[in-house]
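Take these sequences, add in the hints, and give me the full structure.
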Amino acid sequence: WAASYGQIYPELRRLEAAGLVEGQADPTGGRRRIVYRLTAAGREELRRWLAEEPEVYEVRDEGVLKLFFAAAHGESAPATLRAMHRRHLEKLGQLQAIEAREGPEGYAGLVLRYGIEMTAWQADWCERAAARLEAEQKTAA
Numbered sequence: 008w009a010a011s012y013g014q015i016y017p018e019l020r021r022l023e024a025a026g027l028v029e030g031q032a033d034p035t036g037g038r039r040r041i042v043y044r045l046t047a048a049g050r051e052e053l054r055r056w057l058a059e060e061p062e063v064y065e066v067r068d069e070g071v072l073k074l075f076f077a078a079a080h081g082e083s084a085p086a087t088l089r090a091m092h093r094r095h096l097e098k099l100g101q102l103q104a105i106e107a108r109e110g111p112e113g114y115a116g117l118v119l120r121y122g123i124e125m126t127a128w129q130a131d132w133c134e135r136a137a138a139r140l141e142a143e144q145k146t147a148a
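Using this note's numbering, you'd call the opening residue of the sequence shown number 8 and step up by one each time.
Fair warning: there could be bad hints in the mix.
For each label pair, taking beta carbons as the anchor points, the in silico distance ranges come out as [stated by the list, open to error]: (1) R93 with S11: 19 to 29 Å; (2) W8 with R93: 37 to 47 Å; (3) L57 with G26: 13 to 23 Å; (4) V63 with Y12: 16 to 26 Å.
Keep in mind that the hints were calculated from the coordinates and are not lab data. Computed from a prediction, not measured in an experiment: that's the story for all the values here. C-beta: ideal position from N, C-alpha, C; glycine also.
Below, the structure written as structure tokens:
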């Protein structure tokens with residue numbers, strides 16, 4: 008889940024104002040740091056949220072966006088796919104290293120396997136799509 012500091016800290020302040028988390032100063036190495044923990048009300052709100060069906064499904068991939076608009080300059084599409092393929096392989100290696108090093112179990116392990124399998128599929132799809140477009144470009148030439 009990608010979030011910036013500009014999103015996280017205002018949200019933590021909102022949750023604290025609502026009584027769902029408590030922050031406590033815990034400076035380390037001369038840096039200001041606040042550690043947050045759930046309150047009883049926060050745990051109850053978390054349980055309520057977990058019981059709801061997921062509503063948000065969002066995939067943001069600049070490469071896919073570029074492919075969508077590739078009709079404007081389709082010659083670049085195979086290179087875009089090759090770059091996407093490399094990025095997915097890199098991410099796959101990182102996820103597999105986490106699995107090998109930590110071997111997470113339970114829900115964390117389940118989520119890690121989702122990431123590994125999804126990333127492997129994405130890398131494979133990029134490879135197939137790039138090969139298809141390259142073949143089409145050779146035929147057209």
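Status of the hints after comparison with the structure:
1. R93 with S11: 19 to 29 Å: 25 Å, holds
2. W8 with R93: 37 to 47 Å: Violated - the Cβ-Cβ distance for W8 and R93, about 23 Å, lies outside 37 to 47 Å.
3. L57 with G26: 13 to 23 Å: Between L57 and G26, where Cβ atoms are some 19 Å apart, the hint holds.
4. V63 with Y12: 16 to 26 Å: Roughly 21 Å apart at Cβ, these two residues keep to the hinted range, so it holds.
The structure fails hint 2 only (numbered hints given earlier).
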